[in-house]
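Visitor: If you read the protein sequences in the order shown, they are chains A and B.
Read in numbering that gives the first Met the number 0, the first sequence has 520 at position 521, and its numbers run on one by one without any break.
Read in numbering that gives the first Met the number 0, the second sequence has 88 at position 89, and its numbers run on one by one without any break.
Please note: incorrect hints may appear among the correct ones.
[Claimed, not checked] Partial chain B-side listing against chain A, Cβ under 10 Å, derived:
| no. | residue |
| --- | --- |
| 1 | N36 |
| 2 | C47 |
| 3 | F72 |
| 4 | I97 |
No lab work stands behind these hints: they were computed from the structure.
Keep in mind that this is a model prediction, so the values were computed, not measured.
The beta-carbon is built from N, C-alpha and C at its ideal position, and this holds for glycine as well.
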Amino acid sequence: MSATLANPFAPPSISFGPVLEQKLAGRVTAEPRPASDIPTLVTDAATLKEAALFLRDDPAAAYDLFLDLASVDRSKLPGDLAPKDKTRFQANYILYSTKRNEHLRLRVNLPAKEPAVPSLVGVWPAANWFEREAWDLMGIRFEGHPNLQRLLTHNGFVGHALRKDYDKKQRWLCTEEDLLQTELAAKTDDPADMFETMTLNFGPSHPTTHGTLRVVMRVDGEKIVAAESECGYLHRCFEGMSETHTWVQVVPYTDRLNYCSPMINGNGYVRAVEQMLGVDVPPRAKAARTVLNEFSRIMDHLVCIAANLVDLGALTNFWYAFQPREEIYGLLEACCGARLTSSYARIGGLAKDVPENFVEWSRSLLPTIRDRMADVDGLITKNKIAWNRMRGTGVVSKEHAIAWGFTGPSLRASGVAYDVRKDKPYEMYGDVDFDVPISTDGDNLARYLVRMEEMRQSMRIIEQILARFPKGPINSDDYRVILPPKEMVYNEMEALIYHFKLVFEGVKVPPGEIYSYTEGANGELGYSLVSDGSGFPYRIKVRPPCFPLFAAFEHVIKGGMVSDAVATLGSLNIIAGELDR
Amino acid sequence: MKTPPIAPPLGPGIPSSSGADFLTTKLDIAVQWAQSNSLWPMPFGTACCAIEFMSVVSSHYDLARFGAEVVRFSPRQSDLLIVAGTVVDKLAPVLKKIYDQMPEPKWVISMGVCASTGGFYRAYHVVQGIDEIVPVDVYVAGCPPTPENLIHGIIELQKKIQSGELARHREAKTFVPIRVGVDPDLSIPAYSDGVMAHLQGKKELPEMAETAEGELDAKARAAAGEGRR
Ligand code: SF4
Chain A
0 MSATLANPFA
10 PPSISFGPVL
20 EQKLAGRVTA
30 EPRPASDIPT
40 LVTDAATLKE
50 AALFLRDDPA
60 AAYDLFLDLA
70 SVDRSKLPGD
80 LAPKDKTRFQ
90 ANYILYSTKR
100 NEHLRLRVNL
110 PAKEPAVPSL
120 VGVWPAANWF
130 EREAWDLMGI
140 RFEGHPNLQR
150 LLTHNGFVGH
160 ALRKDYDKKQ
170 RWLCTEEDLL
180 QTELAAKTDD
190 PADMFETMTL
200 NFGPSHPTTH
210 GTLRVVMRVD
220 GEKIVAAESE
230 CGYLHRCFEG
240 MSETHTWVQV
250 VPYTDRLNYC
260 SPMINGNGYV
270 RAVEQMLGVD
280 VPPRAKAART
290 VLNEFSRIMD
300 HLVCIAANLV
310 DLGALTNFWY
320 AFQPREEIYG
330 LLEACCGARL
340 TSSYARIGGL
350 AKDVPENFVE
360 WSRSLLPTIR
370 DRMADVDGLI
380 TKNKIAWNRM
390 RGTGVVSKEH
400 AIAWGFTGPS
410 LRASGVAYDV
420 RKDKPYEMYG
430 DVDFDVPIST
440 DGDNLARYLV
450 RMEEMRQSMR
460 IIEQILARFP
470 KGPINSDDYR
480 VILPPKEMVY
490 NEMEALIYHF
500 KLVFEGVKVP
510 PGEIYSYTEG
520 ANGELGYSLV
530 SDGSGFPYRI
540 KVRPPCFPLF
550 AAFEHVIKGG
560 MVSDAVATLG
570 SLNIIAGELD
580 R
Chain B
0 MKTPPIAPPL
10 GPGIPSSSGA
20 DFLTTKLDIA
30 VQWAQSNSLW
40 PMPFGTACCA
50 IEFMSVVSSH
60 YDLARFGAEV
70 VRFSPRQSDL
80 LIVAGTVVDK
90 LAPVLKKIYD
100 QMPEPKWVIS
110 MGVCASTGGF
120 YRAYHVVQGI
130 DEIVPVDVYV
140 AGCPPTPENL
150 IHGIIELQKK
160 IQSGELARHR
170 EAKTFVPIRV
180 GVDPDLSIPA
190 YSDGVMAHLQ
200 GKKELPEMAE
210 TAEGELDAKA
220 RAAAGEGRR
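Required output: the full structure, derived from the provided sequences and hints.
Guide: Set out below in structure tokens:
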């Protein structure tokens, strides 16, 4: 592996190296890395805050977007990979600079006993929930955090579930008292106000929460004075489960992250593993993945818009928007045999080749999508009632969107044109021509319009790829990672051995780590993978696009009406499966 | 095999001299027939299965054909609870509360393997089947079940209601719902002994002591029934 290590300070990865040396000499060091991974800086808990402020504020660095906090428990790493300096935990902050289009990992190694770092909520507000999550699941303490409670599990939970010494099957009884203890319900800032405001519990079972989200609001009449949201009602332990399965067996779990667009999750995951393995997939697989990604994006946006409009009372649009989804499901079913949970992506290609008439079939879907979209468009886009409900409600300014860690359509609706497909093209996105729609209003209407336009752009991408859909093999011929074709297995000794090894041992990913990212329907979908060289993932951390969106929800709705909160929740498109994992 | 059509199981008609015709039946049967054909579902949709549920109620599969399209989001207005999706420990008290809020008669369909058995999430925070919490009348397999499959489940439920089987079932108390968080005397195998003992007032909750390696204290873990499942 060492042969592929790039010079840690080589531009463009850490172009601000000299400034860094000058300001924080010796206390922040760069770590050698494989070319496929993002650059890494290592520091210690004492310097963390200073380093974070430098990275955020120095114009040469300008890492303004906090993407993720990936914690790792390294106590079970085998001999030569085990940490040499008695540290056990790792906190990896994943950052992104919207100005320089660069990712960065900022790492702190922490001791086994009472791991603690200063909280970065003051530097990047988006860190708030990520730190709570790391405390909940990994037991890393964040000093100075405003509200370091459990987030994904409940208060009756004992221990930290993602530590390596936690038995992944151990459950703990949850009673009603173990749910979020909101101070909000008891507290009012002003005692005289006691009879003016009341507490309103919203969710977790509420038609507009589309799943399982909970918000506790304090309302003054119809106006929201304060709010506090809680997630974790669908914490299905994806990250814990993935450690007990082989690399390929994780694919079905990824489908259930954002279940409105399963293909995108699977693609993002296998791409991350492929990058670690250094495997490239044939053009046909790339094209098929791209087309299916875009169909998934359309489906996701359709659900989002349909559900949002239902919440606003425009039920008819729901029937319009669900019709094309049914037709796209037909195509997916022909590809992989399942409508929703496709498990279609494989490391090194796809589970099987696309059907023979894939190109014609895909093309025939586009007019239906256009027609039904036109129906929705005609009913809503210039509709006075829709405007009154959506315009100027749930406004997120550009600065706020960045500070809260937004990505995807919600960030673009606030005026930042960051789209992974455009800025860091993968699969076939580099070869096609499409626009990234943005709006500067940042309100619910802007998010609706951006999504509508994105669907049109998705269709443009699909059309271009279908026009030159490549022939040839669908899978990589690297049989260390993907099963060889059956004819070869029956006729060639070598292929038989590969087949045998893959079935019995699974894909062996070399030791190392990666942060790999793709554009999910809701924003940047990141996978932080750590491999110890065995056939099982050592640690998988997903950066779910919804997580920062819902974390900011309580701030977005403050000062608005309860009914606007409903509209905002729908237009941010919170998918519980990926929010809670 | 030909499935018998769902039709009102009424008695023979009696022509009358006054011009109006009569049908004879038992009140129970008429009520069951009416109930089975006008189910008001409350979708407790938590995850991916809820998306398929949306497909079932939308125009292509059209649940209205089976008289069950009046989706209510208030448990107090509905009589069929469709649990679509994974239920995790944190959500268990919520599900229980919703079930308790529904008026009798009420039925429960567990949609998908997650709701039925925990599915492929055999993990530290997932309820291994909602029958730990509420009684279930029909389990629908699949991950997610296809719309046809869910419709099949609803038809099966209608048959069960019409046969009067469910009413008898309930009277016989075959189902003893496990009450999460309310009745600590009923042991829940999935939960650790330590927690149960604590709830029954017998013991302190095991302390989570941190050793030098930051591991859970071995004794406390043993007390917590670690490794039982
Ligand atoms: S059964 Fe499958 S589709 Fe349904 S909620 Fe569970 S994982 Fe999702």
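Visitor: A separate judgement is required for each hint: does it hold in the structure or not?
Guide: Each hint, compared with the structure:
{"no.": "1", "hint": "N36", "result": "violated, 23 Å"}
{"no.": "2", "hint": "C47", "result": "holds, 4 Å"}
{"no.": "3", "hint": "F72", "result": "holds, 4 Å"}
{"no.": "4", "hint": "I97", "result": "holds, 6 Å"}
Consistency with the previously given hints fails for number 1 only.
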